[in-house]
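Protein chains: 2
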Amino acid sequence: MALFFKICYNYIVFLAIYQANKFMKILQLAPLWIPVPPYTYGGTELVISWLSDELIKRGHEVTLLASGDSETSAKLIPIWQKSLWRAHLSAPHAVLSLMYEKLFEIQEEFDIIHDHCEWYTSPYSKFLKPPIVTTLHHPLTEEATILYKKFPNVNFIAISKNQRKQGPGINIVKTIYHGLPIERYPFNPKPEDYLLWLSKITPQKGLAEAIEVAKIAGERLIISGIIPEEYQDYFEYRLKPLIDGEQIQFVGASDFEKKVSLFQGAKALLYPIRRPEPFGLVVIEAMACGTPVIAYKEGSMPELIKDGKTGFLVNNKEEMANALKRISQINRLTCHRHVVKKFTVEKMVNKYEALYNKLIKKYKKNAKKT
Amino acid sequence: MALFFKICYNYIVFLAIYQANKFMKILQLAPLWIPVPPYTYGGTELVISWLSDELIKRGHEVTLLASGDSETSAKLIPIWQKSLWRAHLSAPHAVLSLMYEKLFEIQEEFDIIHDHCEWYTSPYSKFLKPPIVTTLHHPLTEEATILYKKFPNVNFIAISKNQRKQGPGINIVKTIYHGLPIERYPFNPKPEDYLLWLSKITPQKGLAEAIEVAKIAGERLIISGIIPEEYQDYFEYRLKPLIDGEQIQFVGASDFEKKVSLFQGAKALLYPIRRPEPFGLVVIEAMACGTPVIAYKEGSMPELIKDGKTGFLVNNKEEMANALKRISQINRLTCHRHVVKKFTVEKMVNKYEALYNKLIKKYKKNAKKT
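Protein chains in written order, with this note's numbering: chain A, 1 to 370; chain B, 1001 to 1370.
One chain only, chain A, in its complex shape (with noise of 0.2 Å):
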C-alpha cells in the first residue's frame, strides 16, 4: 500500500515538474581539478554530480564539461584524461584552455551554461550565446569580487545569505542552498564514542584547534582527509606531533561509504574553521545522518545549525570544549530531519530548474523582440 502511494506521489510529482517545466538541454561545466564526483574530497564536484543527475532524472538532457576520470549520467565530454591534481602536468591552465574552446565549438546546443569555473569563466561570458548561471562556489575574495562586477550578464547564484552580503554590486540572482540526496546518508541514532573532523588538510581549516579541543574535553577524536602535496610538511611537522593513534587517530582520506559511515558513527562533528565559509557541505552531510555540528560562528554556520537544536555555533575552542558537555541534549533526529526540510538535492534543483526556465524564457524574448 505504501509503495502504491509512493508511485502515485512520484507520478503527480513528475507531472508537475513536466507542466512547469519544459525540457531543456543543460551545459554543466565543471572545474577539471577533480573528477566528479570526486574520489574523496571535492564539496563542488558532488554537488555536482547531485544536481546532474537529478536532472537527468526530471527529463532534461545534461551534458557534462569534466575531466575523463569523471563517471555521470550525463553526457560526459571528457577534456582531459585525468584530473588535473592527478594529472601533475607542467601547464594544467592549458587544460583549463582547452575546455574553453570546446565551449565555443559546442555552446549553441544548449538552452543554458551552467557554470562551475567561476573567475576562469567570467572573461569568456560575454561571448557566450545561451544564458549563463555562475555558482559561487568559492569565498568572494577581493580579487574575484572586482572581477565579477563586471560581469552583469552572468546568473550568479550565491550558496549561503552570508556570502551573498560579502557581494555588494556582483549580479547575484537568487540565494540557493546546496542540497544531497538524503537516501544516501542513513539516520544512525545511535552513534560510537568519538568526534569527528573531516575536511582538506590545510592550515584553514582548523585542524590544530579540533585536536586541542578533543584533548580539553578528554575525547576521542577521528580525522579523515586529504594531505595536498603543498601541505605535506604542515602535516608531518605541525600535525602529527599531535596525533598519538589512541585518543587522537588519524585515518587517512575517506571515499563516499567510508565518509559516511564515519559521520554515522560520530558523536559530533568538531568544524572550527576561521575562513567564512560560503557554504559548508561536511555540515549537512554530517546532519544527515543524525550527527551534530560544533562550528564557529561564522560566515555560512548559523544558516546551516539551528543552535542547541541541531549542534552549536561558539565563539572559540574553549566554547566548543565546553558545548560537547551538552552534546546528549542534542536529538539526533532532529538533526536528520533539519536535513530533510531544508537541504535535500529536490529542494536545490526545484530552485535550479526554475531559474534555468525563466532564464531562458528571458532569453528567448529578447532574441524574438531583436
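Derived by calculation from the structure, the hints in this document are not laboratory data.
Any given hint could turn out to be false.
[Claimed, not checked] Below, computed lysine to any residue pairings styled on SDA-like, alpha-carbon distance capped at 20 Å:
#1 B/K1150 <-> A/I77
#2 A/K267 <-> A/G245
#3 B/K1102 <-> A/P152
#4 B/K1297 <-> B/N1315
#5 B/K1126 <-> A/F104
#6 A/K161 <-> A/N350
#7 A/K102 <-> B/I1146
#8 A/K325 <-> A/I216
Note that the structure is predicted; figures quoted are calculated from it, not measured.
Given chain A's structure and the hints, the job is docking chain B onto it.
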C-alpha cells in the same frame, strides 16, 4: 670625430628604420606573476622589458598590461598592484581574468597585440581584432601543444629551432632568439676563482648535480637563486646539507646588478638542466660578460653555446667535471663577441618589428577586401 660618426650612424639607422617600419601602436601582454622587469628571477619579464624599451626607442607607442609593481618606459596599465607571486591571493587567476577583461576593453586601440601569456590567452585570441603574436616562453608540453594546434589564427614565435621542432602542427611563423642589451653586461677578461650556478631553485634545474660536479672537480661554487615557496623544503633537506659555506656557497637571490657582477667574476657557469629548455637566457647573459657555459647537450643548448669555443656541451656530470679542466682553453672575448653577433636586443627587435609590420599590412589588406 668618433662622436660625429656615431651621431651620423645613429641618424642613418633611425632613417632606415623610419622608412622601413611605420610607427605602430603595440600592446604587450605580460604574465602577472612577476613584475616587468623582475626584481630577481624572471627571464620572460626581462625580455618583455627590453623588447618594450627598444621598441619605444625606435619611435613606436608601446602599452604594457602587467602588474602594478612593474617599471617600464612603456605606458603601463597595471592590472593588480602587486605581482601575483608576491600578492599571495587565494584566487590569483581572477586577476588574470581581469587582464583579459581589460584587453577586450582596449584592444581596438592597437595595431598589434604581442602576447607572452601563452596558454592563458589562446581561447581569447578568436575574439581579438588586431593580429596577435604569441612568444612561446615555456617548453611545449603535451597539453600546450594540443591547445596551440587549435589556434592557427595566432602567430606563434619559437625562441629556438629546437623548440620549433617540438611543435609540428602549431602555427609557428618564425624563430626569434632572445637578445639582451649588451651594454648592461660589461665584459670581464679576468674572472675570479669560482664556478657559478644561477637560476630558480627547483628540482628540475639541476642544482644538486652542479654541486656534485664542483665537488668532483674540487672547485669553488657560488649558488644564487630564488627558492619558490613550494620548494623551501627541497632546499632545506635535499640541498642545504650539501652547502658547506666554504667550497659550496649560497648567496641568496640576486637583483640585476648583483647577478651581472656574479657572471663577471665566474670562471664558468654550470647549467646541468635535464628539462629541454626552449632557450636559457642565463646562458647568453653569462657569455655576454665573457663567462663560458658548460651545459648538457639538450634542448636549445647547441644553438646558444659553440662547443669548445664559448663553453662545452656534455652528456653527464662526469663529463662536466672533466670539461672544467679545459676551461682555460676558452677565450672569454670569443664568448662576449658570440653574444654581440647573435643575441642582442637590437637583433631580436629587428625581427619582431619586421614581423609586426608584415602582419599589420596583411591584416589591413584583408580588411579592405571584406
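Now the hints, each set against the structure:
1. B/K1150 <-> A/I77: 17 Å, holds
2. A/K267 <-> A/G245: With Cα atoms ~19 Å apart, A/K267 and A/G245 stay inside 20 Å; holds.
3. B/K1102 <-> A/P152: With Cα atoms ~16 Å apart, B/K1102 and A/P152 stay inside 20 Å; holds.
4. B/K1297 <-> B/N1315: Within the cut-off at roughly 6 Å; holds.
5. B/K1126 <-> A/F104: 10 Å, holds
6. A/K161 <-> A/N350: 18 Å, holds
7. A/K102 <-> B/I1146: Roughly 12 Å separates the two Cα atoms, so the pair holds.
8. A/K325 <-> A/I216: 11 Å, holds
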